[in-house]
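**Q** Chains as they are written, first to last, in my numbering: chain A, 510 to 775; chain B, 81 to 337.
It should be emphasised that the hints constitute simulated quantities derived from the structure, not laboratory data. Every value quoted in this text rests on a predicted model; they were computed, and no experiment measured them. A hint or two may mislead.
[As the list claims (entries may be wrong)] In the EDC-like style, the derived pairs of lysine to aspartate or glutamate whose C-alpha atoms are separated by at most 16 Å in a straight line are:
hint : chain 1 : residue 1 : chain 2 : residue 2
1    : B       : K202      : B       : D169
2    : B       : K202      : B       : E254
3    : B       : K202      : B       : D249
4    : B       : K202      : B       : E166
5    : A       : K541      : B       : D317
6    : A       : K541      : B       : D314
[Said to hold, decoys possible] Covered, in the sense of this in silico footprint (three residues per stretch, anywhere, with C-beta under 8 Å from a C-beta of chain A), are these stretches of chain B:
hint : stretch
7    : 117 to 125
8    : 129 to 137
9    : 274 to 288
10   : 293 to 303
[Claimed, not checked] Partial selection, computed: residues in chain A whose CB lies under 8 Å from chain B:
hint : residue
11   : G687
12   : A694
13   : T698
All residues carry an ideal CB built from backbone N, CA and C; glycine is no exception.
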Amino acid sequence: MLIDVHAHFYHDQTPRADWRERNASRLSAGDKIGVTHHVASILGSWGLTSPIYFPSPRDVTYGNDALLVLQRQHPDRVRGYVTVNPNYTTHARAEIERCLGAGMVGIKLAASRRATDPLLDPISELARARGVPVLQHVWQHRRRDWPGQEASDGAELAALAARHPDVRFILAHIGGGGDWQHSLAALRTVANVYVDVSGSGVDGGMLEACLESVGVERLLWGTDLTMETGWAKLRYLAHLLSPAQLELVKWKNAVRIFPPGAFPAD
Amino acid sequence: MRIDVNAFLGAYPYRRVPGTAPERLMQALERVQIDEAWVSHLPSLFWRQPMEGNAWLYDTVARERRLRPVPAVHPGLAGWAPTLGEAVDHGAPAVRCDPAHYGLDPAGPEVRVLAAACGAAKLPLMMAVRLEDARQRHPNDRAAELPAAAVRALIRSDDAVRLLITHADRAFIEEVHFGSTPDEAARMWWDISWIWGPPEDHLAMLVETVGVERFVFGTGQPLRIPENAVAKLDLLDLGAQRRAAIESENARAGLLH
Chain A
510 MLIDVHAHFY
520 HDQTPRADWR
530 ERNASRLSAG
540 DKIGVTHHVA
550 SILGSWGLTS
560 PIYFPSPRDV
570 TYGNDALLVL
580 QRQHPDRVRG
590 YVTVNPNYTT
600 HARAEIERCL
610 GAGMVGIKLA
620 ASRRATDPLL
630 DPISELARAR
640 GVPVLQHVWQ
650 HRRRDWPGQE
660 ASDGAELAAL
670 AARHPDVRFI
680 LAHIGGGGDW
690 QHSLAALRTV
700 ANVYVDVSGS
710 GVDGGMLEAC
720 LESVGVERLL
730 WGTDLTMETG
740 WAKLRYLAHL
750 LSPAQLELVK
760 WKNAVRIFPP
770 GAFPAD
Chain B
81 MRIDVNAFLG
91 AYPYRRVPGT
101 APERLMQALE
111 RVQIDEAWVS
121 HLPSLFWRQP
131 MEGNAWLYDT
141 VARERRLRPV
151 PAVHPGLAGW
161 APTLGEAVDH
171 GAPAVRCDPA
181 HYGLDPAGPE
191 VRVLAAACGA
201 AKLPLMMAVR
211 LEDARQRHPN
221 DRAAELPAAA
231 VRALIRSDDA
241 VRLLITHADR
251 AFIEEVHFGS
261 TPDEAARMWW
271 DISWIWGPPE
281 DHLAMLVETV
291 GVERFVFGTG
301 QPLRIPENAV
311 AKLDLLDLGA
321 QRRAAIESEN
331 ARAGLLH
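Given these sequences and hints, build the entire structure.
**A** This is the structure we're talking about:
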């Protein structure tokens with residue numbers, strides 16, 4: 510089994526006229542790579558009618574609905590994170606209940622509110638109650654505010670994780686830009702934060718540093734927007750790890766942190 | 081046959097990178113089934129006198145059949161011209177210039193003179209758009225990325241110059257390719273190290289729009305893991321002939337003469 514813990518899909522109300530082709534491309538590339546499960550999110554309208562990282566409640570719901578449709582169309586290989594905007598607490602909590610009830614398996618926090626902000630607490634509390642992981646978009650070592658998002662970095666996610674020790678958090682795309690060494694240093698002793706290896710970055714030394722910092726049992730395989738980089742990391746990890754360790758990264762760690770029944774093998 | 085036109089030897093100043101020693105590069109080539117690598121000396125890219133790294137590079141590649149040297153040329157320093165003759169004597173497939181790191185205008189008079197000299201010497205000129213993702217660079221790593229406008233200016237500056245541009249993404253390639261005449265575009269080659277695969281399918285699109293003959297296999301190793309360039313080809317439905325073109329034949333036919 511190979512579980513991609515960081516995938517995305519598009520829908521008809523996004524800026525992408527080629528949304529069908531991109532979704533199909535992800536699935537066909539996944540087949541070549543051997544991906545058995547795409548655990549995906551849709552970030553609202555991807556900027557069409559509200560910002561990607563500050564999606565309106567309407568867009569959040571539309572995107573989550575589109576993902577539920579994909580999940581129903583591909584019940585064997587698509588799983589969903591329910592995307593929420595924590596600035597709309599009531600909507601976010603209702604959306605989590607609704608989408609988890611419809612079969613989604615995790616929560617996606619983009620960059621609508623800093624991870625250190627108390628508004629993330631009601632989301633995290635619901636994640637604990639429902640036993641699902643939270644995938645947090647991260648800018649590795651955020652030295653300033655970047656336009657278009659209220660990004661968090663590894664240290665800020667670690668602070669959230671410390672407030673919610675019973676919630677499993679996934680630090681998104683260690684290869685997704687920024688200083689990954691900063692993130693890894695911040696997460697070394699934070700046992701409830703897992704690192705997904707996705708992102709376009711394929712830096713030499715990055716995977717060794719991940720293993721050194723969080724260990725093989727807190728490493729998750731994923732792709733995000735570039736699937737070839739995910740495949741490359743998988744191939745490289747095969748040279749760093751024993752077959753049994755590689756299985757942890759490929760799927761066993763994911764099975765451990767997602768709710769029981771999310772994947773067929775558990 | 082697989083030729084990596086974009087590899088480095090030697091330490092990187094801004095972070096610890098494994099695999100920078102020659103024997104480790106050879107292991108990586110073996111692991112990823114790369115038959116030949118065109119290598120640059122990474123530390124001297126940051127030196128005031130980058131050409132001082134060339135002697136070590138020549139000496140090192142002379143001991144490894146699968147490596148070919150890409151020596152550095154700093155056209156703003158006195159005495160750079162003989163470097164091109166040395167490069168030819170050592171079988172260099174190209175020379176490289178990193179003007180932003182040298183403090184030169186990338187389309188300024190020094191680099192234009194170098195471009196013309198490379199054209200006259202029948203040596204391709206290699207230039208990198210970047211080495212690392214701009215979002216993660218060290219606070220003191222402030223050299224500008226190579227602008228697309230500079231590449232357009234250089235290819236227009238001399239009818240004989242051939243450019244090998246590494247680490248360019250789709251937007252950069254499209255801007256330069258379609259901002260050039262067909263004759264100019266036919267004298268530029270792009271390595272695939274920074275081009276996205278699926279689901280965006282940038283490489284698949286560029287192969288169709290720009291043409292498969294313009295692309296060569298490059299990894300950027302060891303700053304980047306070389307498995308990435310192979311994986312993106314494995315995800316393309318190219319056919320054996322077009323894949324061979326990217327993996328080796330375009331470099332042989334277009335750059336090695």
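**Q** Does each hint fit the structure? Answer for all of them.
**A** Taking the hints in turn, this is what the structure says about them:
1. K202(B) x D169(B): 13 Å, holds
2. K202(B) x E254(B): With Cα atoms ~25 Å apart, K202(B) and E254(B) exceed 16 Å; violated.
3. K202(B) x D249(B): 26 Å, violated
4. K202(B) x E166(B): Cα-Cα ~13 Å, so holds.
5. K541(A) x D317(B): 11 Å, holds
6. K541(A) x D314(B): The hint holds at about 8 Å.
7. 117 to 125: With 0 residues closer than 8 Å to chain A, the stretch 117 to 125 of chain B misses the three-residue bar; violated.
8. 129 to 137: violated (count 0)
9. 274 to 288: holds (count 6)
10. 293 to 303: Per the Cβ count (3), the hint holds.
11. G687: This interface hint holds because 5 Å falls under the 8 Å limit.
12. A694: Since chain B brings no Cβ nearer than about 13 Å to A694(A), farther than 8 Å, the hint is violated.
13. T698: It is violated, given that the least Cβ distance between T698(A) and chain B is near 21 Å, above 8 Å.
Of the hints listed earlier, those the structure fails to meet are numbers 2, 3, 7, 8, 12 and 13, in rising order.
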